[in-house]
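Asker: We have chain A already, so just place chains B, C and D on it with the hints.
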Amino acid sequence: MNKIYANAREAIAGIESGMTLMLGGFGLCGIPENSIAALADTDINNLTCISNNAGVDDFGLGLLLQSRQIRKMIASYVGENAEFERQMLSGELEVDLIPQGSLAERCRAGGAGIPAFFTPAGFGTEVAEGKEVREFNGKPHILESALTADFAIVKAWKGDKHGNLIYKGTARNFNPVMAMAGKITIAEVEELVEPGELDPNFVHTPGVFVQRIFQGAKFEKRIEQRTVRERT
Amino acid sequence: MNKIYANAREAIAGIESGMTLMLGGFGLCGIPENSIAALADTDINNLTCISNNAGVDDFGLGLLLQSRQIRKMIASYVGENAEFERQMLSGELEVDLIPQGSLAERCRAGGAGIPAFFTPAGFGTEVAEGKEVREFNGKPHILESALTADFAIVKAWKGDKHGNLIYKGTARNFNPVMAMAGKITIAEVEELVEPGELDPNFVHTPGVFVQRIFQGAKFEKRIEQRTVRERT
Amino acid sequence: MLNRDQIAQRIAQEVQDGWYVNLGIGIPTLVANYVRDDISVEFQSENGILGMGPFPFDGEEDADLINAGKQTITALPGAAIFDSATSFAMIRGRHIQLTVLGAMEVAQNGDIANWKIPGKLVKGMGGAMDLVASADNIIVAMNHTNRKGDSKILEQCTLPLTGVGCVKKVVTNMAVLEVLGDGFRLLERAPGVSVEDIQKATAGRLVVKGDIPEIIL
Amino acid sequence: MLNRDQIAQRIAQEVQDGWYVNLGIGIPTLVANYVRDDISVEFQSENGILGMGPFPFDGEEDADLINAGKQTITALPGAAIFDSATSFAMIRGRHIQLTVLGAMEVAQNGDIANWKIPGKLVKGMGGAMDLVASADNIIVAMNHTNRKGDSKILEQCTLPLTGVGCVKKVVTNMAVLEVLGDGFRLLERAPGVSVEDIQKATAGRLVVKGDIPEIIL
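Protein chains in written order, with our numbering: chain A, 1 to 232; chain B, 1 to 232; chain C, 1 to 217; chain D, 1 to 217.
Next up, chain A with everything else stripped away, as it sits in the complex (with noise of 0.2 Å):
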């Protein structure tokens, strides 16, 4: 059972048009770059993509943004990517903007087998439209269901054969959560090792969620807000 790529042209192998993908990564941080350009290589389009943001206009998704790949996003942030909500106020691209930590939630449950749970998150917005309403400690609640996609697609710092994954700083984000919903997970890590050179104490994803993994050509790791102090 052979889990390692040589690239990621190669791991993304049947991914298809009108799929569903999960994207690991918190606006530019811990985002599968080297993924993502090669699916922008590609003609597959009418992708229903599921991920925090949509990056900014000419890196991470917001490439597949502009080559008009997505047909719809799920999402918590739109921010300050000027295409991404042009395309929404447009109505070009279908949107569903769900609570961040819900987002999140959905997807472990996705992964985790549990079809729904209840959550205060969006009760009394629009959120909870057309969603089940019941108290809880007499507090209301809305029930959110799982998510799960057809592939995964996460960036990790170190992995094995296993599919062993580890991650670095808040570059953890969305990944290990979205590494365990899809029915095929990808990872793309910045450093492939021998297993045995992960502490198995230390493993943040472990290899059963992880179906193929390879080493990023690349990893350009922009920065989105870069903000320092005087040295004083």
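Quick caveat, the hints were computed from the structure, so don't treat them as lab data.
Some hints could be false.
Unchecked claim - Here are the computed distance ranges between Cβ atoms for each label pair:
| # | chain 1 | residue 1 | chain 2 | residue 2 | range |
| --- | --- | --- | --- | --- | --- |
| 1 | D | 39 | A | 136 | 44 to 50 Å |
| 2 | B | 195 | D | 3 | 54 to 60 Å |
| 3 | C | 1 | A | 66 | 41 to 47 Å |
| 4 | B | 2 | C | 200 | 44 to 50 Å |
| 5 | B | 18 | A | 16 | 57 to 63 Å |
| 6 | D | 210 | B | 135 | 34 to 40 Å |
| 7 | B | 195 | A | 130 | 44 to 50 Å |
| 8 | B | 16 | D | 5 | 26 to 32 Å |
| 9 | B | 131 | D | 5 | 38 to 44 Å |
| 10 | D | 165 | B | 16 | 55 to 61 Å |
| 11 | A | 190 | D | 210 | 53 to 59 Å |
| 12 | A | 126 | C | 196 | 35 to 41 Å |
| 13 | D | 60 | A | 16 | 46 to 52 Å |
| 14 | B | 71 | D | 181 | 42 to 48 Å |
What the hints assert, rightly or not - Covered, in the sense of this in silico footprint (three residues per stretch, anywhere, with C-beta under 8 Å from a C-beta of chain D), are these stretches of chain A:
| # | region |
| --- | --- |
| 15 | 8-18 |
| 16 | 161-173 |
Ideal placement from N, C-alpha and C gives every residue a C-beta, glycine not left out.
Answerer: Coordinates of chains B, C and D only, in the frame set by chain A:
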């Protein structure tokens, strides 16, 4: 804000008769043995204890069963604990047996502000009695509710004054989810280290979930089934 | 009138020893700069860090270490990193003692709107809906009026809501207000701003009782 | 008749390359000893380890490294440790390809009972209810009859259930059976055991078609 306590006796201050406790561990592996011993030294009784097992006759929670300090056990496995089974069959002890995965998820839910979730585990069995059943993807699921506790007591390998914890091996088990679900969470650790000694990237339980921490005086770490192979 | 930093400075006075605090994007982020250094407070950022430190020195930025505003940050000794589900477990599970966030509108029943202007602007709710639905202690940091001069302190929100009946306190460039449910109680006024000025800039019901002290920074 | 190890050995033949496998307490644990070594299989133990290795050498036992049967174990290179919630996320989320467990009774509709005899014995369900409710591929390993000689292969379970309609295959000391829903199809018989012997020891409906080969180990 000081989270550090001198010993088990001081750390368990405030636990009163009639309260609900969660205790980490699987079998005798990763149990908060110092805290349990300290509880056995008190007159506190009428406790509801949530723990996967109840120790063995003369160690772990078995001590509190012997001394009749437990009114009710919420657990998944009685196994080879003769006194537990005897008290249960005779009706001296109230017992709520629940599937191990539901137990873990219900604790996590309690800590995560999820009041209820659907799971397939237990459908069609005694466990489902009185619970709501709903079909998802053609498969029946039952609604399970969150568990919380007045005090959660966990055992970790190392911890710091912020309450950050790391566990060792399979002594992790229920400890992280129970740490999340206590109104007050007490962590007993083998080694209390200085802030900065634990790599933030590999902290298992972030300190926000832990209110009290102490270095255990002595860890017996008894082995329930010593199983070895021959050297060849 | 208070500037952005002064609003943050006033909010920092609310922070207590031992608290875990989530700061939203914008003015709220500045609050960290003004917390007394004789108390121990930990800042949580919902993208997955507890124990957030100051911005890095020039040249020491790490693309893998950012806050929820996507700004490069540092981690303090004793910090912890976690995934998004665990982060919102902290938030939804009420392990965070204070949430500070910005708003487009706040209503006197505690409703808040801050993520969308139909047909015009969509920022998305990010983590705000989870935060306001679960936090016991929510302070809104914003200007009293919008760029057109209209009050953002309302009887009822007009924009799509982020959360209902959740805001406890509002600190603006003009005043500190307590949300009463059927009005805003004026607690303090910015230096040089009169009660009448605040009354004029407030569309919701303003409750003024006794002398209103100036904000002391 | 097969002994415990032989039952395990037969079940090991079902294991395929790349599978993640959960083995229950008792006979199932022994399956790991008989899996072909030219395929790569990882064993999951629900107390929180993937990549479980053999028992440790004498003197190398670690109290902090046990399996679900509380036996001391080792971890192989490439193993991973996790908490109980994550462990059952794997199980409930159907990331495990095969579950092998023991039983007190199995019925021809796939029901299984293995945790309680009312008034007499309570083991508890442990992780079994989660496993059988979610696993796509469940094999039961047990003796064909109980100590009193009564069949454990039934038309209907009489004991409190662990799961409904979930068992796919049963390997006993006498036979390999496929669960059909309305009966058990006899696939193989233990060396020296006749179809008649199996018929006599089976209380559920036994479906025998054509020649029944002997189990080959």
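Asker: If you test the structure against every hint from before, which numbers come out violated?
Answerer: 8, 10 and 15
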